[in-house]
Amino acid sequence: MQATDELRKEHHGIQLMLQVLGVLGRKLGANEPVEQAHLDRMMEFFTVFVDHCHHGKEEEYLFPALEAVGVPREGGPIGVMLNEHARGRVLVVGMQEALSALRAGDAAAKAAFASIAEEYQTLLLQHIDKENSVLFVLAADKLDGNKDAELFQAFERLEEERIGQGTHEQFHAFLEQMVRLYLR
Numbered sequence: 456m457q458a459t460d461e462l463r464k465e466h467h468g469i470q471l472m473l474q475v476l477g478v479l480g481r482k483l484g485a486n487e488p489v490e491q492a493h494l495d496r497m498m499e500f501f502t503v504f505v506d507h508c509h510h511g512k513e514e515e516y517l518f519p520a521l522e523a524v525g526v527p528r529e530g531g532p533i534g535v536m537l538n539e540h541a542r543g544r545v546l547v548v549g550m551q552e553a554l555s556a557l558r559a560g561d562a563a564a565k566a567a568f569a570s571i572a573e574e575y576q577t578l579l580l581q582h583i584d585k586e587n588s589v590l591f592v593l594a595a596d597k598l599d600g601n602k603d604a605e606l607f608q609a610f611e612r613l614e615e616e617r618i619g620q621g622t623h624e625q626f627h628a629f630l631e632q633m634v635r636l637y638l639r
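Residue numbers 456 to 639, in this note's numbering, belong to the letters of the sequence shown in order.
Because the hints were derived from the structure by calculation, they are not lab data. Mixed in with the good hints, there may be bad ones.
[Claimed, not checked] Lysine-lysine pairs mimicking BS3-like chemistry, simulated, CA-CA at most 27 Å apart:
{"#": "1", "residue 1": "K602", "residue 2": "K464"}
{"#": "2", "residue 1": "K464", "residue 2": "K597"}
{"#": "3", "residue 1": "K585", "residue 2": "K602"}
{"#": "4", "residue 1": "K585", "residue 2": "K597"}
{"#": "5", "residue 1": "K464", "residue 2": "K585"}
[Unchecked claim] Label-pair distances were calculated between CB atoms; the ranges are:
{"#": "6", "residue 1": "P527", "residue 2": "E499", "range": "31 to 37 Å"}
{"#": "7", "residue 1": "E529", "residue 2": "D460", "range": "23 to 29 Å"}
{"#": "8", "residue 1": "A559", "residue 2": "A595", "range": "47 to 53 Å"}
{"#": "9", "residue 1": "N538", "residue 2": "K464", "range": "22 to 28 Å"}
{"#": "10", "residue 1": "A492", "residue 2": "A562", "range": "16 to 22 Å"}
{"#": "11", "residue 1": "S588", "residue 2": "V545", "range": "23 to 29 Å"}
{"#": "12", "residue 1": "D460", "residue 2": "L638", "range": "20 to 26 Å"}
{"#": "13", "residue 1": "T502", "residue 2": "N601", "range": "19 to 25 Å"}
{"#": "14", "residue 1": "V524", "residue 2": "V634", "range": "35 to 41 Å"}
{"#": "15", "residue 1": "T622", "residue 2": "A566", "range": "29 to 35 Å"}
Glycine included, C-beta positions come from ideal geometry on N, C-alpha and C.
With these hints in hand, go ahead and build the complete structure from the sequences.
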């Protein structure tokens, strides 16, 4: 298994959670009730799992490995990915702020959350497609087996150090619960 295969698996889970986000955003936008705890845990998923763990693997290990074999940071796919990671962080903060306003009784925050959620969903779905179809193909072509094995080990270490042992599994259990509740 290549290191990018692990990232592709994570992409699949992220895509499912983005579908759930779309459902919940539409419900909020239509003034339908949504379980606050689900929204809060989803924001944790996007902050901890997507950004700290998944994007951390890419930014701290995969992208530098690609740069080391001649893939430029600026003017190429790495720069695009980094800009999209940064935009995603801004959108997650916006969703968190909208949820805080909603908890404080601001009814307009529902529409704000729905709008930001839709933008985040669109951004990440397009981002994942670019990584799967361009960046990971490039990595498979440019990185040798030793470097790939090194990346795989680095990904495992980052996950354990960054989010802790068992947290990945907890997020997947939450994801499965959300899929059962909102996508089936």
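Hint-by-hint comparison with the structure:
1. K602 to K464: Within the cut-off at roughly 20 Å; holds.
2. K464 to K597: At roughly 21 Å apart (the allowed maximum being 27 Å), K597 and K464 satisfy the hint.
3. K585 to K602: Holds - the C-alpha atoms of K602 and K585 are around 22 Å apart, at most 27 Å.
4. K585 to K597: holds (17 Å)
5. K464 to K585: holds (15 Å)
6. P527 to E499: 31 to 37 Å: For P527 and E499 the Cβ distance comes to about 34 Å; the hint holds.
7. E529 to D460: 23 to 29 Å: holds (28 Å)
8. A559 to A595: 47 to 53 Å: Between A559 and A595, where Cβ atoms are some 48 Å apart, the hint holds.
9. N538 to K464: 22 to 28 Å: Holds, at about 24 Å.
10. A492 to A562: 16 to 22 Å: holds (20 Å)
11. S588 to V545: 23 to 29 Å: holds (25 Å)
12. D460 to L638: 20 to 26 Å: Because 24 Å falls inside the window, the suggested range holds.
13. T502 to N601: 19 to 25 Å: violated (33 Å)
14. V524 to V634: 35 to 41 Å: holds (37 Å)
15. T622 to A566: 29 to 35 Å: holds (32 Å)
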